[in-house]
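Student: Assemble chain R onto chain X, guided by the hints.
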Amino acid sequence: MSDVIERPVINITGERIALGPLRRDLIPLHYRWFNDFATDRTQGDLPGPRTIERATGWYERNATSDDAIWFVVYEIATMQPIGMTWLSDVDHENGTAYFAISLGEPDARGKGYGTETTRLMLDFAFNRLGLHNVALDVFSNNPAGIRAYQKAGFTEYGRIREAYVMGGRRWDSILMEVLAP
Amino acid sequence: MRDADALERKQHNVEPTDTQHSSPSTQHYSITGDRVALGPIERETLPLFYRWFNDFDLLRTAGIGDGPWTMERVEAWCKRFESGPEEAWFMIYERETGQPIGSAGLRDIDERHGTGEYAISIGEVSARGKGYGTEATSLMLDYAFTPRGLHSVLLDVAEYNPGGIGAYAKAGFKEIGRRHEADVMGGKRWDIVYMQALASEFESPVLAAVFAPDVAKVRDAQ
Numbered sequence: 001m002s003d004v005i006e007r008p009v010i011n012i013t014g015e016r017i018a019l020g021p022l023r024r025d026l027i028p029l030h031y032r033w034f035n036d037f038a039t040d041r042t043q044g045d046l047p048g049p050r051t052i053e054r055a056t057g058w059y060e061r062n063a064t065s066d067d068a069i070w071f072v073v074y075e076i077a078t079m080q081p082i083g084m085t086w087l088s089d090v091d092h093e094n095g096t097a098y099f100a101i102s103l104g105e106p107d108a109r110g111k112g113y114g115t116e117t118t119r120l121m122l123d124f125a126f127n128r129l130g131l132h133n134v135a136l137d138v139f140s141n142n143p144a145g146i147r148a149y150q151k152a153g154f155t156e157y158g159r160i161r162e163a164y165v166m167g168g169r170r171w172d173s174i175l176m177e178v179l180a181p
Numbered sequence: 001m002r003d004a005d006a007l008e009r010k011q012h013n014v015e016p017t018d019t020q021h022s023s024p025s026t027q028h029y030s031i032t033g034d035r036v037a038l039g040p041i042e043r044e045t046l047p048l049f050y051r052w053f054n055d056f057d058l059l060r061t062a063g064i065g066d067g068p069w070t071m072e073r074v075e076a077w078c079k080r081f082e083s084g085p086e087e088a089w090f091m092i093y094e095r096e097t098g099q100p101i102g103s104a105g106l107r108d109i110d111e112r113h114g115t116g117e118y119a120i121s122i123g124e125v126s127a128r129g130k131g132y133g134t135e136a137t138s139l140m141l142d143y144a145f146t147p148r149g150l151h152s153v154l155l156d157v158a159e160y161n162p163g164g165i166g167a168y169a170k171a172g173f174k175e176i177g178r179r180h181e182a183d184v185m186g187g188k189r190w191d192i193v194y195m196q197a198l199a200s201e202f203e204s205p206v207l208a209a210v211f212a213p214d215v216a217k218v219r220d221a222q
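Chains as they are written, first to last, in the working numbering: chain X, 1 to 181; chain R, 1 to 222.
In isolation and in its complexed conformation, chain X is listed as follows:
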């Protein structure tokens, strides 16, 4: 196991980012990320303190999930885990899924890692899973996220007006999609 921690198992290797499976020994790290309100700001979940039991429950549910496909995101330069990314509602009949990402490490933000992670996940969704349309929701209080998704190939296909409350006001939920090349 210590060997795994020193050299994590990787599924997909990009230029500066690599993706590997969720790991039980990283639960304390997820626990820390889940309790960072700066990350919560852009996620849809109810913000609040999260216990280690809740982080463990999250891991138990998703480590064996058939509905969602989760990866840990690694920075190749350091081989440190910096966040997570996942496809949910994978629907092979219609060829659709939803994409999401959360970079929990504050130092890893603003470096283009989100954009590269998004590209790698779209590559996986289209070329490995054979999906046709990958979509995401992002709130209008997160322009950095919107720009990263655009760079990776997403375009806006709709806007749910005033559907997200944060900081005492309402924001739009922006719907974005990419079609298979």
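The set of hints was computed from the structure by calculation and includes no laboratory data.
Source: prediction; values computed, not measured.
It is possible that some hints are incorrect.
[To be verified] What follows is a set of in silico ranges between Cβ atoms, one per label pair, in the way DEER data are often shown:
{"no.": "1", "chain 1": "R", "residue 1": "Arg-219", "chain 2": "X", "residue 2": "Ala-68", "range": "37 to 45 Å"}
{"no.": "2", "chain 1": "X", "residue 1": "Asp-67", "chain 2": "R", "residue 2": "Arg-112", "range": "18 to 26 Å"}
{"no.": "3", "chain 1": "X", "residue 1": "Asp-107", "chain 2": "R", "residue 2": "Asp-57", "range": "51 to 59 Å"}
{"no.": "4", "chain 1": "R", "residue 1": "Ser-126", "chain 2": "X", "residue 2": "Gly-167", "range": "33 to 41 Å"}
{"no.": "5", "chain 1": "R", "residue 1": "Gly-67", "chain 2": "X", "residue 2": "Leu-129", "range": "41 to 49 Å"}
[Unchecked claim] Some but not every residue of chain R turned toward chain X, in silico, with C-beta under 7 Å:
{"no.": "6", "residue": "Glu-117"}
{"no.": "7", "residue": "Ala-119"}
{"no.": "8", "residue": "Ser-152"}
{"no.": "9", "residue": "Asn-161"}
{"no.": "10", "residue": "Ile-165"}
{"no.": "11", "residue": "Gly-166"}
{"no.": "12", "residue": "Arg-178"}
{"no.": "13", "residue": "Arg-179"}
{"no.": "14", "residue": "Asp-183"}
{"no.": "15", "residue": "Val-184"}
{"no.": "16", "residue": "Gln-196"}
{"no.": "17", "residue": "Ser-204"}
{"no.": "18", "residue": "Leu-207"}
{"no.": "19", "residue": "Phe-211"}
Where a beta carbon is used, it is the ideal one built from N, C-alpha and C, also for glycine.
Tutor: Below, chain R without anything else, positioned relative to chain X:
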């Protein structure tokens, strides 16, 4: 409400059951419109859902999967009618006959954001194409916005269902997006159309009068 009888019925929220049509023995109207009414969904109506959900013409647009539906699967699905705070489902009645003709519901109700998602199906073939879906949808939006106090209601509908899209638009929904080629039907890819209704753009047809604050009544009486 166009006459004294109707007003009387509205105040008691109940219409007499028409026994000729073998209606369910318990039938209660919570929201009464012109031609349809909405009430709670009783367990004894499960056989109706079993019949409706095995009508492939209904399944084409219902967005609940492709069937066939066993009674056990219908029972499991209908558990959602015993709704917690995240769901609210109503039976749709044709007022003229007192017959249940379909169901409508709000799902994923999120009190924090004031949002919910809408779904409806008119199960009875003879009740389709009469504008009942439009009126039921308008009453459901009234429920969502007036007593529930939601801010926004969303739905999605397949591009190959222009009848549904037209009915939702008439009831108060506006198209806000279109996810391209995301639904496969009949060997072809179709768009999924997203429509939204906002409380600030909706005028209550029925429930604003029912849920009027007492202070207004007192003021009017003075």
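Student: Can you give the numbers of the hints that this structure goes against, from lowest to highest?
Tutor: Hints 1, 4, 5, 6, 7, 9, 10, 11, 17, 18 and 19 not satisfied by this model.
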